[in-house]
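Enquirer: Start from the sequences, fold in the hints, and give me the full structure.
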Amino acid sequence: MSKYMINKLLWEVEGSDESLRAFIDDSAGFIDGWERNEPLPPYPSGGTLTAEERIAFESWDYSTLYRLGAHPFLLWQFARAVWVPGRMEAHEFVVAFRTGVAQHGHPDFAT
Amino acid sequence: MAEIVLTLGVPHTPLLWKALQEPVPSDLAGVAANFSRFRSLLAAERPDVLVVVGSDHLRSIMTSNMPAFLIGKATEMRGTLPSEQRAFGLPASIVPGHRDLAAHLLGGHQLPASFDFSFSDEPWLDHSFMIPLLYLTPELDIPIVPIHTNTNAPPIPLATRFRALGSYLREAIAAWPGPERVAVIGTGHLSFELGGPRQFSGRSLDPDFDELVLDCLEQGDGGRLVEVATYERMLAAGNLTFQFLNFITCLSASGETAAASVEAIPSRFGNEPFIAWSGGR
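Which chain is which? The protein sequence lines are A and B, in order. So that you can map any letter, position 84 of the first sequence is 84 in the working numbering, and since no number is skipped, the others follow by simple counting. So that you can map any letter, position 207 of the second sequence is 207 in the working numbering, and since no number is skipped, the others follow by simple counting.
I should point out that these hints are in silico values taken from the structure, not numbers from a laboratory. Hints should not be assumed to be uniformly reliable.
[As the list claims (entries may be wrong)] Looking from chain B toward chain A, a few residues come up when the C-beta cut is under 10 Å (computed): (1) H57; (2) T63; (3) R86; (4) L90; (5) S93; (6) Q110.
[Said to hold, decoys possible] Simulated DEER-style distance windows between Cβ atoms: (7) A/S59 with B/R181: 48 to 58 Å; (8) B/P112 with A/H91: 47 to 57 Å; (9) B/P67 with A/A51: 26 to 36 Å; (10) A/D32 with B/G108: 42 to 52 Å.
[Claimed, not checked] To spell it out: a stretch of chain B is covered by chain A in this simulated footprint if at least three of its residues, at any positions, have a beta carbon under 8 Å from a beta carbon of chain A; those stretches are: (11) 147-158; (12) 191-204; (13) 232-240.
For glycine and all other residues, C-beta sits at the position ideal for the given N, C-alpha and C.
Expert: Written out as structure tokens, the structure is:
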């Protein structure tokens, strides 16, 4: 589990227009660059993210990130910023997001 | 000797900024009217400095280094961050700071016995500060002392600490030798959820919670309020309801007097709180 690293990448992507554009254009490439630059020692799983977390980021799977304990504020801001310009209108995305997280209730988001 | 001339509790919902552009939609007319009413209340008291108790939303302060209570001491500070300018349309702003009062609240060269504050010489103000400031003091011409409270990243301080913070502010402001007229502004929500299954439900998430805590604020009952505001009860009311805790600080800063005005304005974002304590003397 690395809720902190999930949050850190959510923050990194959403924190600047440049990062956001880069993530939307090439999510796997963005994560590669982020992991290379990340100065923390790797987690036992071999990277800053677990394999499950990495797949969830690459596939824009906010439902899984939510289940894994991503901070809800960070996750919503990230998901809204990535999906809306990338794939759908804001009002559609509100419904899609709710559907995606509702099955998981309220996972503990304490890091 | 400085004095608290007014204490206000207001919402900081960032989506209000775009939604309240003219023409104001009918469902938000009450919110707009209350911001206007509070702007007049504040102006009438002619404050020299605003002590603003808000909560950074993991915008400028991450859990790499998360303080429980942080006082910003700077002569000017930046308002909101690029991500919030993009997401909410908020303007980039410069806000003046009352560095001397901030240093006094921090205890000078040693922290006060009752609080191990963190401090920042370069605070950034996210929407929890900028929404209230932009509506209550649109010219951004009154120096502020920003106090960040961690209400967003567990572990968060107990409700009793928010109550103690208000008492501390009340005593420390009274002990400031300057003649300043001080207004305390707390910002937060009632029951509130974002990024969870109940976000944007278009109504109060937990009317019982809202009614109970508003009643405590109206009565000035800080003791009952800290009993109600447990982690579990707030979480049940909505995953980010913890931001309500800033209003406990307002109540105790007022001397735990009955609020002069308590309104919970229904809006598409939930009940938006507008609470005023006069004076606090």
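Enquirer: All hints are to be evaluated individually against the structure, with a verdict given for each.
Expert: Cross-check of the supplied hints:
For B/H57, the interface hint holds, the least distance from its beta-carbon to any beta-carbon of chain A being 5 Å, beneath 10 Å. Proximity of B/T63 to chain A holds as hinted, the smallest CB-CB distance being about 5 Å (cut-off 10 Å). With a least beta-carbon distance of about 6 Å to chain A, the hint placing B/R86 at the interface is held under the 10 Å criterion. Annotation: B/L90 was flagged as interfacial toward chain A, and the flag is violated, the nearest CB pair being 13 Å apart, outside 10 Å.
A distance limit of 10 Å between C-beta atoms decides the matter here; for B/S93 the minimum to chain A is near 18 Å, and the interface restraint is violated. Interface restraint check for B/Q110: the shortest CB-CB distance to chain A comes to about 31 Å, outside 10 Å, so the restraint is violated. Checked against the hint of 48 to 58 Å, the C-beta distance between A/S59 and B/R181 comes to roughly 56 Å, which is consistent with it. Separation of B/P112 from A/H91 is about 49 Å and conforms to the stated range, judged on CB atoms against 47 to 57 Å.
Taking the beta carbon of each, B/P67 and A/A51 are about 34 Å apart, inside 26 to 36 Å as hinted. Range check, A/D32 to B/G108: about 49 Å between beta-carbon atoms, so the 42 to 52 Å window is met. Only residues whose C-beta sits within less than 8 Å of a C-beta in chain A count toward coverage, and the stretch 147-158 of chain B has 4 of them, enough to reach three; the restraint holds. Interface restraint, the stretch 191-204 of chain B with chain A: holds (7 residues with C-beta to C-beta distance below 8 Å; minimum three).
With 3 residues bearing a CB less than 8 Å from a CB of chain A, the stretch 232-240 of chain B meets the requirement of three and the coverage assertion stands.
Of the numbered hints stated above, those contradicted by the structure are hints 4, 5 and 6, listed in ascending order.
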